[in-house]
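Enquirer: Spelled out, the chains give:
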Amino acid sequence: MTTWKKEEFDNLETTNVLKKSEELGLSHEQLVEMYRTMVKVRLFEEMADKQYALGKVHGTMHLSAGQEAVAVGAGFAVNKGDYLLNHHRGHGHFIASGADVNKMMAEFLGKDTGYCRGRGGSMHIADVTANNLGANGIVGGGLQLAVGVGLAIQMKKTDQIVLTIFGDGASNEGIFHESLNMAAIWDLPILYLCENNQYGMSANVTRVSAKTPFKGRAAGYGIPGYYIDGNDVLAVYEFVHKAAQNAREGKGPVLVEAQTYRYFGHSKSDRNLYRSKEEIEYWKTVEDPIVRFGKLLLEAGLLTEQKIEEIHAEMNNEIEESVKFAENSPEPDVNDVMEWVYA
Amino acid sequence: MPTPFIMPKMDMDQEYVTITNWLKKEGEWINKGEPVIEVETDKIASEIEAPESGILAGILYHANEEAPVTKVVAYILKEGETLESAPSSDQGKTPVAQTPSQDLNQAETSKQDVSATPLAKKVSADLGVPLDQVTPSGSKVTRRDVEAFADNMKEVVTPRVCVPATPAARSLAAQRGVSLEDVVGSGPRGRVQAKDVPMKAAVSEPVAPEPVAATIPLVGKRKRIAERLTASYQSTPHIYLTVEVDMSAAESARKRINQMADKKGQPTVSMTAFLAKIVAWALTRHPKLNASLQTDRIELLEAINIGIATAIDDGLIVPVIHGIDKLGLREISECLGYLTRQARNGALTAAEVAEGTFTISNLGMYGISSFTAIINPPQSAILAVGGLVRKPVVIDENDTIAVRPMMNMTLGADHRVVDGADAAAFLADLVKALEAPEFILY
Amino acid sequence: MPEITYREAVRDAMVEEMRRDETVFLLGEDIGTYGGAFGVSAGMLAEFGPERVRETPISELGIVGAAAGAAMVGMKPIAEIMFMDFILLALEPLMNQAAKARYMFGGKATVPMVVRMPGGSGTGAAAQHSQSLESILMHIPGIKVVAPSTPYDAKGLLISAIRDRNPVCFVEHKLLYKVKGEVPTGEYTIPLGVADIKHAGTDITVVTSGIMVQKSLAVAQKLSQEGISVEVVDLRTLRPLDTKTIIASVKKTGKLLVVHEAVKTGGWAGEIMAVVSESEAFDHLDAPMRRLAGKDVPIPYNRFLEAAAVPQENDIEAEIRAMVANKY
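Protein chains in written order, with the numbering used here: chain A, 1 to 343; chain B, 1001 to 1442; chain C, 2001 to 2328.
Hints listed in this document are in silico derivations from the structure and should not be mistaken for laboratory results. Remember, it's a predicted structure, so these values are computed and weren't measured experimentally. Fair warning: there could be bad hints in the mix.
Footprint (simulated), chain C over chain B, 3 or more residues, beta carbon under 8 Å [what the hints assert, rightly or not]:
hint : region
1    : 1164-1170
2    : 1180-1190
27 Å max Cα-Cα, derived BS3-like pairs, lysine-lysine [as the list claims (entries may be wrong)]:
hint : chain 1 : residue 1 : chain 2 : residue 2
3    : A       : Lys-50    : B       : Lys-1071
4    : A       : Lys-268   : B       : Lys-1009
5    : B       : Lys-1121  : B       : Lys-1140
6    : C       : Lys-2244  : A       : Lys-157
7    : A       : Lys-5     : A       : Lys-295
8    : B       : Lys-1263  : B       : Lys-1140
9    : C       : Lys-2108  : A       : Lys-324
10   : C       : Lys-2108  : A       : Lys-156
11   : B       : Lys-1195  : C       : Lys-2108
12   : B       : Lys-1032  : B       : Lys-1121
13   : B       : Lys-1288  : B       : Lys-1263
14   : A       : Lys-80    : C       : Lys-2222
15   : C       : Lys-2222  : B       : Lys-1223
16   : C       : Lys-2198  : A       : Lys-56
17   : A       : Lys-268   : A       : Lys-157
18   : A       : Lys-56    : B       : Lys-1263
19   : C       : Lys-2295  : B       : Lys-1195
20   : B       : Lys-1009  : A       : Lys-56
21   : C       : Lys-2198  : C       : Lys-2108
22   : B       : Lys-1071  : A       : Lys-268
23   : C       : Lys-2327  : B       : Lys-1025
24   : B       : Lys-1121  : B       : Lys-1009
25   : A       : Lys-156   : A       : Lys-242
26   : B       : Lys-1195  : C       : Lys-2244
27   : C       : Lys-2251  : B       : Lys-1195
Ideal placement from N, C-alpha and C gives every residue a C-beta, glycine not left out.
Same shape as in the complex, but just chain A (with noise of 0.2 Å):
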């Protein structure tokens, strides 16, 4: 079933980059350390699925390959300090934002020095001192905290925003709207990312959503709302970049819904029996962000294939050193357990 619509896209698809990235005020640098994270990112991932395979999880994980241009190109655009509130398919939005991947395996593993010194997995990673305030099990859950950080930056008057990124399932929970309203009347500075990525468990957006695309429920709440292709990296920095300001100037909340893809099912008991082989392949082949971000770069000279091979090469070194540390780290000290459920 395909539910996406092209043609719908607010964005203008992305075919030289260097002259998008001139516009968007981005160095060829930048260009590049954006296409290295995606491939981290994407990485990042397919490790995780390995040790999973491996028996090494003890848990289960939600991954997020196929998503990448989005977290990338929303993490790209937003400042250093701004607050992040994200779903439990959040690897890679922590990554985006710079987040040490030797403590996020150690937490997706389960050891004393992950993130959360083991308390929360795969599903609650957090920083809380870098502002990351930490990736939500509950669908919509992050929606209306970030309400409330809103209104500490409000009444604190700084210049920050909050990014919230859910999915196209968390939109249809009640928290949606409660949220949106609340963020509107107060013109907080909340930045409302929906990364469609077209399933909420197995169930189809379009089968369970009354009319898309999400983004014109904005309109209800009298607040921007775009609908842009989620694949194209630079087109999520672009209106992320956009939402963002506009929330920093005061000006109130914006959504943005970047359509995207997952391709591992959506958590490791799913056997993909509701979308078909060839619907995968599609995307993964035609659409997949980080081959067609780096046919652009090719195509611009700001890579070669060599380049190519060598950024992928130096990124599986640091994911596999990742997986190291996380082995040789500890477990936690389970005279612990009672840690922490108090201040």
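With chain A fixed as given, assemble chains B and C onto it according to the hints.
Expert: Okay, now just chains B and C, sitting in the frame of chain A:
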């Protein structure tokens, strides 16, 4: 690598199946889809098919053993494979790396040596049960037999305390060296309160000077029986009514029920259980017999809780089947069997002897043909049941004489609660039901 | 000491803390011009302005979720839920977010927030505006639950709750709002997790909280004239429980009656009994522990039915008399 033969899970919440038979031997070729094991769950008997083709090897659970589901029970070898390469995870047991023929021989030998399943042997070792003392329920000692034996050992070793007392009274009694059995409780249902516990243990009475063969100290349970019976005998005006009942129909009904039970492998029904069922029915029709006399009123009780007087080593105890009118014959029989075992082991709990509303005392097994019994206050009646005696009786209006199993029942009733006519009507219903039990059994 | 109402005591605590600490702010429905459904925040909008007395849409999930988010980044929100019954709309942010953030994130987050909620029956508000849901809140690790019974306790406990670094549910009984008591002007705190023996006694321990403290005290005073000595333990904080005080009292009296308005099944009385049963106080029990709680029924509208649904003074009196006389 050998293919593990995994016992499939057939039902939710299922953990084990019993292997009743291996249709193939180790070393035999099996084809994928061909039935290999016969199993039984608590619901169904079923055949398990081979998941792959190959040579059956390394059987881990034999016939009459329980095998865990989702675990390996054997292996299937491809040409040229051996058991050594079998993985060691995901199975209840470690496979024995032997050639199939050796394994088979060993299984044969062990069968002749000891009459116990391998699992039973392991469990008996774990629980410290002497295997030679366990009576097998079938041809071999099984794990269930061993566990039942172990449970019995436990019951003998630690009889439970039955005197009702508050925790404070218990700890005080322990501190002061007082036995709670000797304390008269002032709390509800005779519960010993802290204030009832005397400062130190009562000094026992000096022994009578005359030589006696043996003495039975009048303390504890014996003493309470004595006090209670005296009080009842002295304060309750008893009336007694006796009937004789032809038990042919009841006997044959019980026989048919027990044949059915045998076929299903269920426990059989005793005459006492049978009688209790019918008495319970009669009590629903005669509430005055299921009543309690209080100082200013008679309470007709809603619950029907029949006590069954049971002789034990040091006296008499009356375990109670609560809510018996709501139970089927099979449940009554199971309940009675359990209570009798508990009584014999001295393990009845306070609740299991409390709140009786009517009592049946059956001395038929001692050859007594009829007797009277003393009411258990605050109940209002007790039924004394004699043994079956085959004797000639007139069976119809033509004065035909036939030999029939006859039984005497004597109802003792508190005349303050029950009139003679009430008692007679109750007995008449009992006789009617015993002579045509199908009316109430179906 | 001046006598003020429970309502004023709650307001005083909020006003004093907001003057002292600018990260403290209020959010809730109709708390501004209207002064809150029960008038608790009356006058506060004028002093602190609309940003710190933040009127929200009717959106309980939104109120508690926003409070949790703001608390995670350094604010100290006080959220008002108009009726305790409506907290059920906000259990997600309360139980899944606020309560768990610190633990899930390896001790790096703190969520200092207070959720105030008037609960309880007696106002004829029927089944959806009269519940006592504190047992539900007590079930979640990471949350504290406070339920004061007097104006003095209300102020001291609320100041502690605002300064606490954890999410605190602050349960106010509607019928207590107009109860008067002596309350000092100016700052004082009562630590969370410490019970208070409101009436000392030796024959029986009554463990209770909120409005039932007032009812139990009336009974204790009446019975003391007959020589029946009742010890009334006001828990004040329901989570964390002051198990020490409970155990010591039961060891002294040997008898325990737990009284609460929340329905019996699954109510916290069972928890108190379990605490005693697992402690050394067990060996001092001289009667079965008993509980007197709301009947297992939605609160009815009719005044007589409503009163019959929850323990009243004569119920408490009868129960104490029976227990002291060893009737159970």
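Enquirer: Just pull the numbers of the violated hints for me, sorted ascending.
Expert: Structure breaks hints 6, 11, 12, 13, 14, 15, 16, 17, 18, 19, 21 and 23.
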